[in-house]
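Those protein sequences? They're chains B and C, same order as listed. With the working numbering, the residue at position 215 of the first sequence is 223, and numbering never jumps. With the working numbering, the residue at position 89 of the second sequence is 179, and numbering never jumps.
To be clear, the hints were calculated from the coordinates, so they are not data collected in a lab. Take these hints with a grain of salt, some might be off.
Claimed, not checked - Derived DSBU-like pairs (lysine-lysine); straight-line CA-CA distance at most 30 Å:
1. B:K260 <-> C:K291
2. B:K82 <-> B:K54
3. B:K185 <-> B:K88
4. C:K264 <-> C:K144
5. C:K157 <-> C:K138
6. C:K157 <-> B:K117
7. C:K291 <-> B:K202
8. B:K260 <-> B:K183
9. C:K184 <-> C:K144
10. C:K157 <-> C:K178
11. C:K228 <-> C:K144
12. B:K260 <-> B:K202
13. C:K264 <-> B:K202
14. B:K220 <-> B:K304
15. C:K228 <-> C:K163
16. C:K163 <-> B:K117
17. C:K228 <-> C:K184
18. C:K178 <-> C:K138
19. C:K291 <-> B:K117
20. C:K164 <-> C:K178
21. B:K183 <-> C:K184
Predicted, not measured: the structure shown is a model, and the values here were computed from it.
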Amino acid sequence: MRRLTVSLVATGIAVAISGMYLMKPNAGTIPSVGNPSEMVLTIPLKADSVRFAVIGDNGTADNSEIQVGDQMQKAQQISKFGFVIMLGDNLYGGASPRDYQDRFERPYKSLLDRGVLFYASLGNHDDNNEISYVPFHMGGNRYYTHTEGDVEFFVLDTNYMDNTQLDWLQQELQKSKSPWKIAYFHHPLYSSGKAHGPSRELRTVLEPIFEKYGVSAVFSGHDHIYERVNPQNGIQYFVMGASGKLRNGDLKSDSLKAAGFDSDRSFLLVEITGDNMYYEAISRTGDTVDSGVFNKQPPVSIHAGAQTPGPTEGTNAGTPATK
Amino acid sequence: MNRPANHARNALNLAALPVFCIAGLVFVTTSYGQLDRDAQAMQDFSNKIHLYLKIHHQAEVTVPHIKPTASAKKIIDRKHALAAQINKERGNIKEGNVFTPEVAAYFERLIHSAYRQNAPGIEATLLCLSPVREDRLKPNDIYPEDAELTAMPSTILLHVPELPSELEYRIVNKDLIIRDREANLIVDIFRGAITPPPGRKLCDD
């Protein structure tokens with residue numbers, strides 16, 4: 009009994025030291041995925057909406073990536089999202105054909121089998137030749153656009169932001185007629201991650217373009233956390249770099265952060281309908297760790313109940329949020 | 091009341107005029123000299139890049155471009171075959187084949203100019219060090235496949251000459267390299283091109 013008490017105290021101290029603010033029995037372990045019917049989504053699942061999932065820094069080939077893939081499959085069965093956007097570091101060490109299988113084809117097999125499409129961007133761990141890999145739908149380009157309903161996506165290569173790419177981006181944004189313009193790429197312009205943080209250099213060149221041409225939302229990875237940033241000049245920024253890699257306790261507490269999750273892997277589910285973008289961050293264990301809605305015009309975040317967890321804040325990120 | 095003092099100041103100004111003129115002339119001459127050297131270096135650089143591209147395109151006759159494919163093996167095999175073919179055609183190319191002393195000096199000035207514009211931004215981008223052993227960085231060698239490529243600071247990219255789409259600049263350790271994107275081959279290295287930012291840390295992600 010005494011040994012058990014000591015053990016429990018030691019475990020508690022270890023959890024506290026590791027900066028885990030979400031006290032969950034299975035956090036950090038590899039639990040089973042569970043029954044698909046157990047998942048309850050908070051996005052509204054409206055008719056004719058555009059639904060997609062977001063993953064970043066996923067290509068590790070370890071169990072955690074596979075388990076996030078399993079949760080994505082469950083979410084897909086319910087939401088019927090048609091595609092996934094990938095924020096880079098799709099294949100860590102993707103130097104052999106086996107890497108493509110282990111780090112992409114196997115973890116997302118069920119989604120691929122169901123016809124879900126993946127649209128990749130390049131991270132700092134990606135080989136440029138991934139642009140020729142058909143399942144990534146890059147069409148042989150480092151940067152490209154794709155349109156789904158009312159939403160046009162601008163996919164950038166932030167490893168190498170030269171004048172040619174900047175000119176291309178401006179031209180594409182200028183000619184876009186889509187009500188929703190969403191950009192995604194690897195390096196975040198805003199991030200409360202301690203390991204990397206924001207790329208201020210990229211922000212200097214990209215943010216004025218996004219503002220000028222009415223980009224509504226931006227998704228990035230690189231920091232191995234989930235973060236929803238408070239809207240900056242009307243643009244909603246997300247960091248989703250924890251779909252395979254994780255940097256436990258890496259989120260800083262600052263005024264930038266609207267909500268975050270850094271104690272387990274996660275992915276994001278997004279639904280766009282009319283002027284509203286609903287988002288729902290789901291952990292590897294199937295918990296909703298953030299959710300809400302962003303209104304495009306005027307650009308105000310009106311989410312309710314989304315948590316703002318952080319090591320110093322002590323709030324629970326595990327409870328599903330209400331809309 | 092200040093008239094004598096003004097006279098003295100005017101006299102001094104007049105006396106200084108020839109000095110300023112000579113200094114100005116020297117400055118203008120030096121600047122023009124510098125411009126000439128820069129133009130020459132730029133031309134030299136451009137010629138060498140075109141020379142490399144010619145080899146790259148020759149290699150593509152043997153190892154043709156592939157259309158996007160679902161076969162990872164085809165993609166990787168083509169990359170390796172292209173690298174081998176270019177390597178063969180370039181032979182024993184030496185370090186400095188593109189970054190001649192004149193071109194390197196020109197790039198040094200461009201990089202310096204980029205730092206003057208946004209040193210904190212560049213340093214932040216380069217804060218994460220993903221070191222590669224210097225002896226693994228050689229012209230005509232494969233860029234180590236187990237090493238990540240740190241993002242290229244956009245401020246520097248906006249200062250240096252743009253490369254054709256087959257090629258890119260990267261900073262590795264303290265060096266500026268030109269890399270063939272498709273073949274993952276190092277074209278040339280300018281060692282010690284940048285000063286490592288203070289507080290640089292090892293990153294593995």
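Now the hints, each set against the structure:
1. B:K260 <-> C:K291: 18 Å, holds
2. B:K82 <-> B:K54: Answer holds: K82 (chain B) to K54 (chain B) is near 18 Å, not above 30 Å.
3. B:K185 <-> B:K88: Satisfied, since the Cα-Cα distance of roughly 26 Å is no more than 30 Å.
4. C:K264 <-> C:K144: 29 Å, holds
5. C:K157 <-> C:K138: 28 Å, holds
6. C:K157 <-> B:K117: Cα-Cα ~24 Å, so holds.
7. C:K291 <-> B:K202: 12 Å, holds
8. B:K260 <-> B:K183: Not satisfied, since the Cα-Cα distance of roughly 38 Å exceeds 30 Å.
9. C:K184 <-> C:K144: 18 Å, holds
10. C:K157 <-> C:K178: With a Cα-Cα distance of about 24 Å, the restraint between K157 (chain C) and K178 (chain C) holds, given a limit of 30 Å.
11. C:K228 <-> C:K144: Holds - the C-alpha atoms of K144 (chain C) and K228 (chain C) are around 20 Å apart, at most 30 Å.
12. B:K260 <-> B:K202: 6 Å, holds
13. C:K264 <-> B:K202: 24 Å, holds
14. B:K220 <-> B:K304: Answer holds: K220 (chain B) to K304 (chain B) is near 15 Å, not above 30 Å.
15. C:K228 <-> C:K163: Roughly 26 Å separates the two Cα atoms, so the pair holds.
16. C:K163 <-> B:K117: This hinted pair holds, its Cα atoms lying about 18 Å apart.
17. C:K228 <-> C:K184: 9 Å, holds
18. C:K178 <-> C:K138: Given pair K178 (chain C), K138 (chain C) holds - Cα atoms ~18 Å apart, limit 30 Å.
19. C:K291 <-> B:K117: 37 Å, violated
20. C:K164 <-> C:K178: Holds, because 21 Å separates the two Cα atoms, which is no more than 30 Å.
21. B:K183 <-> C:K184: 46 Å, violated
Hint check: violations occur at hints 8, 19, 21; the rest are consistent with the structure.
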